[in-house]
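**Q** Read off the chains here:
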Amino acid sequence: SQTIHQWPATLVQPVGSPLSLECTVEGTSNPNLYWYRQAAGRGLQLLFYSVGIGQISSEVPQNLSASRPQDRQFILSSKKLLLSDSGFYLCAWKHRLPTEKLFFGSGTQLSVL
Amino acid sequence: GNSVTQMEGPVTLSEEAFLTINCTYTATGYPSLFWYVQYPGEGLQLLLKATKADDKGSNKGFEATYRKETTSFHLEKGSVQVSDSAVYFCALSGGNRDDKIIFGKGTRLHILP
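First to last, the protein sequences are chains W and E. Going by the working numbering, the first residue of the first sequence is number 1, and it counts up by one from there. Going by the working numbering, the first residue of the second sequence is number 1, and it counts up by one from there.
Everything labelled a hint here was simulated from the structure, so no lab data went into it. Treat the numbers as computed from the prediction; the structure is a model and nothing was measured. Keep in mind that a hint or two might mislead.
[As the list claims (entries may be wrong)] If the Cβ cut is set under 10 Å, some of the chain E residues that face chain W in the computed set are:
hint : residue
1    : S72
2    : A91
3    : K105
From the three backbone atoms N, C-alpha and C, an ideal C-beta is built for every residue, glycine too.
Kindly generate the complete structure, drawing on both the sequences and the hints.
**A** Next comes the structure, spelled out in structure tokens:
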């Protein structure tokens, strides 16, 4: 069966420090991969998505970047965190068809202080 | 671009009341429509979906009908229970082979015993 792993679960980082959040999927191949940020009053904001290795689509201009070095690995990064980067980050995957549902990871609560 | 608008919360109802959570969308092509639910302390999961006009998705007593003429996908349940208390997200996928999954801001539902 397919599983999605996202880590760490919580992270406290100082302003200006780098960030690396990792997400891996098991039990499937060629998934679409997604990074979302969930904030109160703003719902689920799509940050990046990827349909293949090295293929990244960015939805929101910001201080973050994403990479997909392997088929089932998706990484969210920042060189210098801002206070406004605080939030709950969710990784998700789905099969290729538009009718297929998303499977979500357990999320990372990021606090930038 | 594609967008989803859902009613603001929180929504507070008594047990056994009728529930409607409104969702309207803007999209090109023929998107698939979804309702996801986030129960307290749990991850996001699919509640129901509809992949073409006039389709009705249903699960756990919830229903939603894909109305292309009104670009709507309202969530309904005839008799809610305390266990239905959660945050509900409307989402759309695809249309013109688009791989983006766009979510609404979410509606928090409180059911009083």
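**Q** Now tell me, hint by hint, if it's right for this structure.
**A** Checked hints:
1. The interface hint given for S72(E) is violated, since its Cβ lies 18 Å from the closest Cβ of chain W, which is over the 10 Å cut-off.
2. Nearest Cβ of chain W to the Cβ of A91(E): about 8 Å, under the 10 Å cut. The hint holds.
3. A distance limit of 10 Å between C-beta atoms decides the matter here; for K105(E) the minimum to chain W is near 3 Å, and the interface restraint holds.
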